[in-house]
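K.L.:
Got chain X; can you put chain S on it based on the hints?
Going down the list, the sequences are from chains X and S. Count the first sequence with my numbering and you get residues 1 to 247, in order. Count the second sequence with my numbering and you get residues 1001 to 1219, in order.
It is worth saying that the hints were derived from the structure and are not from the lab. Idealized CB from N, CA, C, for every residue including glycine. Warning: the hint list may mix true and false statements.
Said to hold, decoys possible - Which stretches of chain X does chain S cover? Using the computed rule of at least three CB atoms under 8 Å from a CB of chain S, they are:
id: 1; region: 104 to 114
id: 2; region: 205 to 212
id: 3; region: 223 to 231
id: 4; region: 234 to 243
To be verified - Capping the alpha-carbon separation at 27 Å, the derived lysine-lysine pairs in BS3-like fashion look like this:
id: 5; chain 1: X; residue 1: Lys-111; chain 2: X; residue 2: Lys-16
id: 6; chain 1: X; residue 1: Lys-111; chain 2: S; residue 2: Lys-1142
id: 7; chain 1: X; residue 1: Lys-6; chain 2: S; residue 2: Lys-1089
id: 8; chain 1: S; residue 1: Lys-1081; chain 2: X; residue 2: Lys-16
Next come the chains, spelled out residue by residue.
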Amino acid sequence: MKITFKIWRQEGPNDKGGFQSYEVNDLTEDMSFLEALDHLNEILVLKNKKVVAFEYDCREGICGQCGVFINGRAHGPHDNMTTCQLHMRSFEDGATITVEPWRARSFPIIKDLIVNRSAFDRIIENGAFISAKTGTAPEANAILISKTVSDRAMDAAACIGCGACVATCKNSSAALFTSAKINHLNGLPQGAPEAHQRVLDMTAQMEKEGFGHCSFTGACEVECPEGISIVNIAEMNARFIKAKIFG
Amino acid sequence: MTLFFRKSIIAATGLFLCIFLIVHLSANCILLLPEDMARGMYNSYSTLLRESPLIKIVAYLLYLSIILHVVYALIVTIKNKRAKPVGYKVSNTKENSSWASQNMGLLGVFILIFIVVHLANFWARIKLGLGEEVGTDSVGNKDVYEVTSHLFHNIYYVLFYSLLMFPLGFHLYHGLKSAVKSLGFYHRKSLLIISKVSLIYAVIVSAMFGIIPFIVYFK
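Isolated chain S, as found in the complex:
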């Protein structure tokens, strides 16, 4: 186990999760359609996700990625803390680095809290069948739209969901551009472009995830 190996695991799983977020966001965009159209599409899409064997493999990869990302981040953080057991009395990190880059662990904890609540609300009910049973729509698909719409009409949940997209945005901004460097990509000009792409990606993804619940709430 080397320093490089541990960071590569975090970087590779992180990049995979970045791609996953795009797919997830595109599904959320269905919620922006008029209700009668959105319900049918959203439910058939989620049925496809549950039943396709290919998606099943991807789903397991996803679970594994989240777990590895968190576990290795924890190991790395503990080891880093050991490398700097005594901090400085005065520390002006804001003059030499971004706030996000200095607080990836803290941002990660917020995102983890979000994921746990999010999974309990959707994944546990729909996929594991825990809690209140999910109804079916007119074509017999599980009415996942109803579950989503119900939650997004609860202002506390909407606020929780949307506010936690801020730490996600900061985490993605530093994570994406650093992951490629951790994995050994070192072409200078491309890295400058990747840095800009990370910013655009982080803003779009977090803003879209954060705004959609509000749109559904006021629809």
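Excised from the complex, chain X in its bound form:
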């Protein structure tokens, strides 16, 4: 396969940056997208040029590190998928693929395609935990939870914090991420003691980090590798009202 990569190159956070084109001729359809980038980097190394910086870790769709914007969509042309799950067979031979980093004020670019997503960590630090005595594991059946409630919590807990929701949102809203984290804990009895404070603190931090408003375009739930529904955002809004009244 012959592919022309048009990749955003930026030396550091304060560098202006710009697109650079790279032609790669010996790719195969079976390569994953990240392997194709690896191959490009090998070529760059042999030419004594700087490699393209991009993030990855597990390469099996569970860690959320490999977020890049490919041909105008977060994680590439498919719905509900991470970049590492994308293969070159999704592109046509001879195609030009534009690769850009996540764009959001709250996700400053570190280098090339790598952005700083620690704004998410700070939202987590502000309430996405429960206060519980540690020590020996408690008896599994001590707190009974219905299947519906546990399924809902697990659906929200599936969020891997990749940042595709923020990246694809025209307002760079972090509402899907924050709502997933809030609903995961607030829907369970273990999260109940700090429920109201959690909503208020986490949404306040989300605003402080400079994320935008949710317009319910629905783009985030299409790009989310875990398929987390935007109904979570509506639920977060309801929890917010409840926290304001009873919290």
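P.N.:
Below, chain S without anything else, positioned relative to chain X:
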């Protein structure tokens, strides 16, 4: 002031305006009646609207809603723009979201232009008494029917009025179903129904508002 607060204001005022549109449309339907019947009914209805104290309160709520809706939409848009200062070189939003949802601001600007022209043509003349004086009909009511019929016999105005119902339709379709979510309604099955209701509401309201001027024009 929180993200939630700003969007709730937009959502709540938007929903109020959606209800107002139904009332407004029902009045427009009087125009479909034969002329001698329509004139009397239309004029007495508009006299009722001007003079009822209850309607006066609703009218002020309406002005306030439009202003708040626009002002907060502007604030939210500016803040959103700040949250995403650099856009993408290639952006395929049509693959993951509706065009209307991505362009609510632009659609809103068209609707605002319409409202300004619409108010200048009717509200300013009839209620504020600006411009050409409005005559009275046989029972002494202000002849608002004449004002409307006169405007709807001007093809440029009819086209302007009807064409701008397209952005209204798109704006209503995304606005209605999203407003309820912004206000924290999250029952999944009902949201699916609301989404369909929004579509039906948007199509009916915008199509009716858009067709009536043509019917009057050709009457």
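K.L.:
The structure should be examined with respect to each hint, and the outcome stated for every one.
P.N.:
We went through each hint and held it up to the structure:
1. Beta-carbon proximity to chain S at under 8 Å applies to 3 residues in the region 104 to 114 of chain X; the threshold of 3 is reached and the given coverage holds.
2. Against chain S, the region 205 to 212 of chain X contributes 5 residues with a C-beta closer than 8 Å to a partner C-beta. That satisfies the three-residue criterion, and the hint holds.
3. Against chain S, the region 223 to 231 of chain X contributes 4 residues with a C-beta closer than 8 Å to a partner C-beta. That satisfies the three-residue criterion, and the hint holds.
4. Counting residues of the region 234 to 243 of chain X whose beta-carbon sits less than 8 Å from any beta-carbon of chain S gives 7, enough to reach three: the coverage restraint holds.
5. For the suggested pair Lys-111(X) and Lys-16(X), the alpha carbons sit about 11 Å apart, so the restraint of at most 27 Å is met.
6. With a C-alpha separation of about 69 Å, the suggested pairing of Lys-111(X) with Lys-1142(S) is violated against the 27 Å cut-off.
7. Our distance criterion of 27 Å between C-alpha atoms is met by Lys-6(X) and Lys-1089(S), whose separation comes to about 11 Å.
8. Of the pairs offered as hints, the one joining Lys-1081(S) and Lys-16(X) holds, with about 20 Å between alpha carbons and a cut-off of 27 Å not exceeded.
Checked against the numbered hints above, the structure breaks only hint 6 and satisfies the rest.
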